[in-house]
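Asks: With the hints as constraints, model all of the structure from the sequences given.
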Amino acid sequence: SQTIHQWPATLVQPVGSPLSLECTVEGTSNPNLYWYRQAAGRGLQLLFYSVGIGQISSEVPQNLSASRPQDRQFILSSKKLLLSDSGFYLCAWAYRDRVFGTQYFGPGTRLTVL
Amino acid sequence: LAKTTQPISMDSYEGQEVNITCSHNNIATNDYITWYQQFPSQGPRFIIQGYKTKVTNEVASLFIPADRKSSTLSLPRVSLSDTAVYYCLVEPSAAGNKLTFGGGTRVLVKP
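Protein chains in written order, with the numbering used here: chain A, 7 to 120; chain B, 2 to 112.
One or more of the hints may lead you astray.
[What the hints assert, rightly or not] Distance condition first, Cα-Cα at most 30 Å in a straight line; then the derived DSSO-like pairs of lysine-lysine:
{"no.": "1", "chain 1": "B", "residue 1": "Lys53", "chain 2": "B", "residue 2": "Lys99"}
{"no.": "2", "chain 1": "B", "residue 1": "Lys70", "chain 2": "B", "residue 2": "Lys99"}
{"no.": "3", "chain 1": "B", "residue 1": "Lys4", "chain 2": "B", "residue 2": "Lys70"}
{"no.": "4", "chain 1": "B", "residue 1": "Lys99", "chain 2": "A", "residue 2": "Lys86"}
{"no.": "5", "chain 1": "A", "residue 1": "Lys85", "chain 2": "B", "residue 2": "Lys99"}
{"no.": "6", "chain 1": "B", "residue 1": "Lys53", "chain 2": "B", "residue 2": "Lys70"}
Simulated from the structure, these hints should not be mistaken for lab results. Since the model is a prediction, treat every value here as computed from it, not as a measurement.
Replies: As structure tokens, then:
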């Protein structure tokens, strides 16, 4: 069966500090991968998605970036965090038969920027 | 871009059927309609997906009329554990179109 891991589970960072969130998927090959952010009490905002190694599509311009160094690894980064970057960050995977197939989400990372 | 509109919140009681209607007037021909459930501090979980008419699985039913401009998620005989936020999505069939989660519907099941 497929599993998706995210770490860390929670993170408190000062404004201006760097960020690196990691997501890995097990049990499947060549998945589409996605990063979402959810502000408190709000819906999910798609940040990035990837259909293959090194292929990243950005949905929202901001100070975040994503990379996919390996087939089942997706990394979300920032060089300098802003207060507005606080939120619940979710990684998801989907089979590659469609651009946006059924999304299988990880447990999430709750980021607080102070 | 097929934007979705669904009620902000709904209250129900244990054992009742809950129906949540979502409108998606600009749905494209090959787009799918998908519903997710989210509990606090967890990622959304896939519930059901459909293209037209009716789809049923072990947890829900999805009704889609012929014009596909709306869909209704039906949760039979809800329990307290069904208290969650339910999201309706239109899954774009073409690359370049955005996948958008709306605000969702907060369903509160009371004893």
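Asks: For every hint, state whether the structure bears it out.
Replies: Now the hints, each set against the structure:
For the proposed pair Lys53 (chain B) and Lys99 (chain B), the alpha carbon gap of about 21 Å is at most 30 Å, so the pair holds. Only pairs whose Cα atoms come within 30 Å are accepted, and Lys70 (chain B) paired with Lys99 (chain B) is accepted, the gap being roughly 18 Å. For the hint linking Lys4 (chain B) to Lys70 (chain B), the alpha-carbon distance of about 11 Å falls within 30 Å, and the restraint holds. A threshold of 30 Å between alpha carbons decides the hint, and for Lys99 (chain B) with Lys86 (chain A) the separation of about 27 Å falls inside it, so the pair holds.
Between Lys85 (chain A) and Lys99 (chain B) the alpha-carbon distance is near 26 Å, which keeps this suggested pair within the 30 Å criterion. Proposed proximity of Lys53 (chain B) and Lys70 (chain B) is supported: the alpha carbons are some 10 Å apart, at most 30 Å.
Of the numbered hints listed earlier, not one is contradicted by the structure.
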